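Enquirer: Using the hints provided, position chains S, E and U relative to the given structure of chain A.
As they're listed, the protein sequences go chains A, S, E and U. Residues in the first sequence are numbered consecutively from 1, following the UniProt record's numbering. Residues in the second sequence are numbered consecutively from 1, following the UniProt record's numbering. Residues in the third sequence are numbered consecutively from 1, following the UniProt record's numbering. Residues in the fourth sequence are numbered consecutively from 1, following the UniProt record's numbering.
Hints are computed from structural coordinates only; laboratory data are not their basis. Treat the hints with caution; some may be incorrect.
Here are the computed distance ranges between Cβ atoms for each label pair [to be verified]:
| no. | chain 1 | residue 1 | chain 2 | residue 2 | range |
| --- | --- | --- | --- | --- | --- |
| 1 | U | K40 | E | G37 | 29 to 37 Å |
| 2 | U | T84 | S | D22 | 53 to 61 Å |
| 3 | A | K21 | S | T84 | 48 to 56 Å |
| 4 | A | E20 | E | H88 | 19 to 27 Å |
| 5 | E | H88 | U | A61 | 28 to 36 Å |
| 6 | E | T17 | U | H76 | 45 to 53 Å |
| 7 | A | K40 | E | G37 | 44 to 52 Å |
| 8 | E | G37 | S | A60 | 31 to 39 Å |
| 9 | A | G37 | U | S68 | 38 to 46 Å |
| 10 | A | S68 | S | D92 | 30 to 38 Å |
| 11 | A | S68 | E | R18 | 47 to 55 Å |
| 12 | A | Y47 | U | G85 | 21 to 29 Å |
| 13 | E | E44 | A | K29 | 47 to 55 Å |
| 14 | S | T84 | U | A61 | 38 to 46 Å |
Here the structure is a predicted model, which means the values were calculated and not measured. Built from N, CA and C at the ideal position, the CB exists for glycine as well.
There are 4 protein chains.
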Amino acid sequence: MRQLDEYMHDHPVTPRTRDEKDAVVNRLKRIEGQVRGIQKMVEEDRYCVDILVQISAINAALKKVGFSVAERHTKHCVSDAVQTGKGHEAIDELMEVLKQFSK
Amino acid sequence: MRQLDEYMHDHPVTPRTRDEKDAVVNRLKRIEGQVRGIQKMVEEDRYCVDILVQISAINAALKKVGFSVAERHTKHCVSDAVQTGKGHEAIDELMEVLKQFSK
Amino acid sequence: MRQLDEYMHDHPVTPRTRDEKDAVVNRLKRIEGQVRGIQKMVEEDRYCVDILVQISAINAALKKVGFSVAERHTKHCVSDAVQTGKGHEAIDELMEVLKQFSK
Amino acid sequence: MRQLDEYMHDHPVTPRTRDEKDAVVNRLKRIEGQVRGIQKMVEEDRYCVDILVQISAINAALKKVGFSVAERHTKHCVSDAVQTGKGHEAIDELMEVLKQFSK
Numbered sequence: 001m002r003q004l005d006e007y008m009h010d011h012p013v014t015p016r017t018r019d020e021k022d023a024v025v026n027r028l029k030r031i032e033g034q035v036r037g038i039q040k041m042v043e044e045d046r047y048c049v050d051i052l053v054q055i056s057a058i059n060a061a062l063k064k065v066g067f068s069v070a071e072r073h074t075k076h077c078v079s080d081a082v083q084t085g086k087g088h089e090a091i092d093e094l095m096e097v098l099k100q101f102s103k
Numbered sequence: 001m002r003q004l005d006e007y008m009h010d011h012p013v014t015p016r017t018r019d020e021k022d023a024v025v026n027r028l029k030r031i032e033g034q035v036r037g038i039q040k041m042v043e044e045d046r047y048c049v050d051i052l053v054q055i056s057a058i059n060a061a062l063k064k065v066g067f068s069v070a071e072r073h074t075k076h077c078v079s080d081a082v083q084t085g086k087g088h089e090a091i092d093e094l095m096e097v098l099k100q101f102s103k
Numbered sequence: 001m002r003q004l005d006e007y008m009h010d011h012p013v014t015p016r017t018r019d020e021k022d023a024v025v026n027r028l029k030r031i032e033g034q035v036r037g038i039q040k041m042v043e044e045d046r047y048c049v050d051i052l053v054q055i056s057a058i059n060a061a062l063k064k065v066g067f068s069v070a071e072r073h074t075k076h077c078v079s080d081a082v083q084t085g086k087g088h089e090a091i092d093e094l095m096e097v098l099k100q101f102s103k
Numbered sequence: 001m002r003q004l005d006e007y008m009h010d011h012p013v014t015p016r017t018r019d020e021k022d023a024v025v026n027r028l029k030r031i032e033g034q035v036r037g038i039q040k041m042v043e044e045d046r047y048c049v050d051i052l053v054q055i056s057a058i059n060a061a062l063k064k065v066g067f068s069v070a071e072r073h074t075k076h077c078v079s080d081a082v083q084t085g086k087g088h089e090a091i092d093e094l095m096e097v098l099k100q101f102s103k
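Same shape as in the complex, but just chain A:
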């Protein structure tokens, strides 16, 4: 993995546009706010099940961000790797991280 990682870092990847960055960061800011919201719920001794529902919602939101990052990664970095004959390494790496992700 390290090897590909170095390969990837050595080769310029399509950098995210301002709009792309904003879209991801805004979603993460919303998630950050939700995490703060749960802290408040705990402090106020709110009903456990309501807290669990909120945690599930954050998990779902994080997975959504993750998949949008994975999609962009596959459309840019992995596709570039495929076209320069480095596809297998890039795909092994992608699958590895998606496995972790689906836990």
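Expert: Chains S, E and U alone, transformed into the frame defined by chain A:
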């Protein structure tokens, strides 16, 4: 579900101790910091796979918090409900939220 | 865990009725058939994505069976344990297996 | 999705070798046996938690098969699509099925 919810809210549940609150809130603060960390990674155009690894780590941490909340809920609220003949409703509610959680 | 396990095995639990057994076994038979169906799809060189959709469907069906087993377990074995002062051990065991389950 | 699906079906994909088929089918046969094993456990009124542990094991085994199918799909079908300018459609389809999979 509403019905049980009302039942639960009407009956005093064992409130969380200061230590219990601190333990959960501290874990959530750490998660909040991790979410902010990903925002920075996106801004700095860091490698997508590194970002995905971080998102997986947050998901795992959130699940851990969720299970500790669910465990306490079961040991207190659900157990109380069992002992006062309201067990089935409380267990249905618990299973419902854990299903959502395991997605 | 062993300790509780022995406790559980030593104490008579409400045995499943014929109907309860049939309901679970029938769902498992359907799942078994789906697993055989995928073997056929692989043999016939069917499109990978169609195979993946089928695998997802089986996973969802298995989770559903699992949650129905967990629900019954909580309504019977765990509730009995709560009422005889062995609740915490039974709940720890339940949470442990649900954690594995939500991976 | 249909559109790509048709595209994929119209274009010859690298068919699985006998060895590749055997590897997947053998894993699925083992899973089929495990599902039958659970039916027996239910019939014999075995302890619920032991049944749940088995169901978790099958879920994990199925995910493993799924990821190996997804990996092969990405290394062959998706990579071919990338090289013939159909990458985005193939990647959208892959992500869609992996999302379902990670539930």
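Enquirer: Failing hints, ascending?
Expert: 1, 4, 12
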